[in-house]
Amino acid sequence: MSYHKLAVIGEVGVGKTQLINTLSSIDPLLTEAKSSIDIGKKFTTVGIEYGRINLDSDTALGLYGVPGQERFSFLWDFVNSNLWGLVLLIRFQAELHLENMDHLLEFFAPRENGVACLVALTHCEDGNLEARNSAAKKIQARLNNHGLISPVLFVDARQRESAESILHALNAINRFHN
Amino acid sequence: MPLKTLLYISESTESHVGKSAPSQLWKILRSSRLNNARLSLSGVLSYSHGKYVQVLEGESDSVDSMIRLITTDFRHTELDIVLHTQIEKPSFPTWPMRFIGSIGKDKSFNNYISTYEDRIDTQGRRLLGHFLPSRFEALPSDFEGQVLALSAWPSFADMPQTKSMLSLSARLVAAPCLYEDLIASKECSSEEELNLILARLNKLNLLVFMDSQPHDTRSYAQPFNEGLYVKLKDFLGLQ
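If you read the sequences in order, they're chains R and C. Numbering follows the numbering used here, in which position 5 of the first sequence is assigned residue number 295; successive positions increment by one, without gaps. Numbering follows the numbering used here, in which position 137 of the second sequence is assigned residue number 618; successive positions increment by one, without gaps.
Be a bit skeptical, because a hint or two may be false.
Derived Cβ-Cβ restraints for the label pairs, each shown as a range [what the hints assert, rightly or not]:
{"no.": "1", "chain 1": "C", "residue 1": "Ser589", "chain 2": "R", "residue 2": "Asn344", "range": "49 to 55 Å"}
{"no.": "2", "chain 1": "C", "residue 1": "Leu685", "chain 2": "R", "residue 2": "Asp348", "range": "38 to 44 Å"}
{"no.": "3", "chain 1": "C", "residue 1": "Arg616", "chain 2": "R", "residue 2": "Asn423", "range": "18 to 24 Å"}
{"no.": "4", "chain 1": "R", "residue 1": "Leu438", "chain 2": "C", "residue 2": "Pro483", "range": "54 to 60 Å"}
{"no.": "5", "chain 1": "C", "residue 1": "Ser632", "chain 2": "R", "residue 2": "Ala384", "range": "27 to 33 Å"}
{"no.": "6", "chain 1": "C", "residue 1": "Thr596", "chain 2": "R", "residue 2": "Arg361", "range": "55 to 61 Å"}
{"no.": "7", "chain 1": "C", "residue 1": "Glu559", "chain 2": "R", "residue 2": "Leu438", "range": "49 to 55 Å"}
{"no.": "8", "chain 1": "R", "residue 1": "Asn372", "chain 2": "C", "residue 2": "Lys586", "range": "52 to 58 Å"}
{"no.": "9", "chain 1": "C", "residue 1": "Asp599", "chain 2": "R", "residue 2": "Asn372", "range": "44 to 50 Å"}
{"no.": "10", "chain 1": "R", "residue 1": "Asn423", "chain 2": "C", "residue 2": "Ser583", "range": "25 to 31 Å"}
{"no.": "11", "chain 1": "C", "residue 1": "Gly626", "chain 2": "R", "residue 2": "Asn434", "range": "26 to 32 Å"}
{"no.": "12", "chain 1": "C", "residue 1": "His611", "chain 2": "R", "residue 2": "Asn435", "range": "41 to 47 Å"}
{"no.": "13", "chain 1": "R", "residue 1": "Phe397", "chain 2": "C", "residue 2": "Lys586", "range": "47 to 53 Å"}
A short list of chain C residues far from chain R (calculated; beta carbon distances all over 10 Å) [what the hints assert, rightly or not]:
{"no.": "14", "residue": "Leu515"}
{"no.": "15", "residue": "Asp561"}
{"no.": "16", "residue": "Gly582"}
{"no.": "17", "residue": "Leu613"}
{"no.": "18", "residue": "Asp623"}
Covered, in the sense of this in silico footprint (three residues per stretch, anywhere, with C-beta under 8 Å from a C-beta of chain R), are these stretches of chain C [as the list claims (entries may be wrong)]:
{"no.": "19", "stretch": "630-637"}
{"no.": "20", "stretch": "643-650"}
{"no.": "21", "stretch": "653-659"}
{"no.": "22", "stretch": "708-716"}
No lab work stands behind these hints: they were computed from the structure. Where a beta carbon is used, it is the ideal one built from N, C-alpha and C, also for glycine.
Based on the provided sequences and hints, a complete structural model is requested.
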């Protein structure tokens, strides 16, 4: 069995659960609880969520959704080994929350570990071109600070084709960087 | 009678080919207006740095008669037909022959090119680059034999987030690559698509011309193994 791991990391309400739901070949395993803060939905993920893409009878890509908040860093350890890809999900909004991005990049160290990495901006369907451009540039500057030349994608986690652009980009990065 | 449009680009035979318009231009414009009115044709004419571009529109036979006449006109040489196609309705119906000073900035001409762009071949695009540099500024002749790289991923607010764009960007960010190897490896669905993407990356100042720098010589023309890459590509419906 050839098994590969994709880690999807993001804060509450960013769209991890939706993304894994959209991509997974199996019913995802979710651990949800009532949300303690107003995030526009009643339940939120409190642990690792798991989905899987079955590519054929002996090849699969496991999808691991992990909360991005530092208090869940004990879960990061669990996921951070032999990764095929790392996706940081960030919610597009007027004030981007990028404070945690540095912690995550230091912990997962995709450059040092040779792991294909990208940032996916979600909830940007209504964002104007200028605002999206500015957000992408801010994030790319942060990535550069960690020695990473990585893409910033605009993803609608509900749309299969849009969600698959993450897989396509990571597949291409893995092919050409190795 | 079916309608058609024809766009040609030619060179002025007048000895000075600088920025200013040649005296023959006004004679061409005057005779075009007379002849076009007689044949119920319409269109536009422009001049830039030694070259003319003209669009003719009207009934098929009339357009054919007019272009035969133009090819024998001593004021033109090196005439190339860039576009020749049937149309539903003319794009420039009002004037027998309107003169446009800066055709690259003219909205109606740009709309006309957008409408029929998919019917213009690579050579035609190269010729149009003389008049529309911002649109067709980097063409295959600029890339041939070049080792290319990307200094950074493009912002997908500037560029479409297509599969071709993602593959090509991943490759050129990873290592410099010879243009001809990019054609062979088929990251893009066609050579034309590759050229358009490279032109747009070049316009964003992300494309780096490495000249004789060492580059990635690995062949990606065929899948390199039967591993995850190929299976995932299959899954994503790309093969």
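Verdict on chain R covering the stretch 708-716 of chain C, where coverage means 3 or more residues with a C-beta closer than 8 Å:
holds (count 8)
Measuring from beta carbon to beta carbon, are Asp599 of chain C and Asn372 of chain R in 44 to 50 Å?
Holds: the Cβ-Cβ distance is about 46 Å, inside 44 to 50 Å.
May I ask you to check that Asp623 of chain C keeps its beta-carbon over 10 Å from the closest beta-carbon of chain R?
23 Å, holds
Are there three or more residues in the stretch 643-650 of chain C whose C-beta lies within less than 8 Å of some C-beta in chain R?
holds (count 4)
Range hint 18 to 24 Å: satisfied by the CB atoms of Arg616 of chain C and Asn423 of chain R?
With Cβ atoms ~21 Å apart, the hint holds.
Outcome of range test on Cβ distance (His611 of chain C, Asn435 of chain R; 41 to 47 Å)
Because 43 Å falls inside the window, the suggested range holds.
Against chain R, does Leu515 of chain C hold up as non-interface, every C-beta pair farther apart than 10 Å?
It holds; Leu515 of chain C is separated from chain R by about 47 Å at its closest Cβ, greater than 10 Å.
Since Gly582 of chain C was said not to touch the interface, does its Cβ keep a gap of more than 10 Å from each Cβ of chain R?
30 Å, holds
Do the beta carbons of Gly626 of chain C and Asn434 of chain R sit within 26 to 32 Å of each other?
Given about 31 Å between the Cβ atoms, the range holds.
Counting residues of the stretch 630-637 of chain C with a beta carbon closer than 8 Å to any beta carbon of chain R, are there 3 or more?
holds (count 4)
Note whether the CB distance of Leu685 of chain C and Asp348 of chain R lies within 38 to 44 Å or breaks it.
42 Å, holds
Examine the stretch 653-659 of chain C: at least three residues should have C-beta closer than 8 Å to a C-beta of chain R.
holds (count 3)
Of the numbered hints given earlier, the model fails none.
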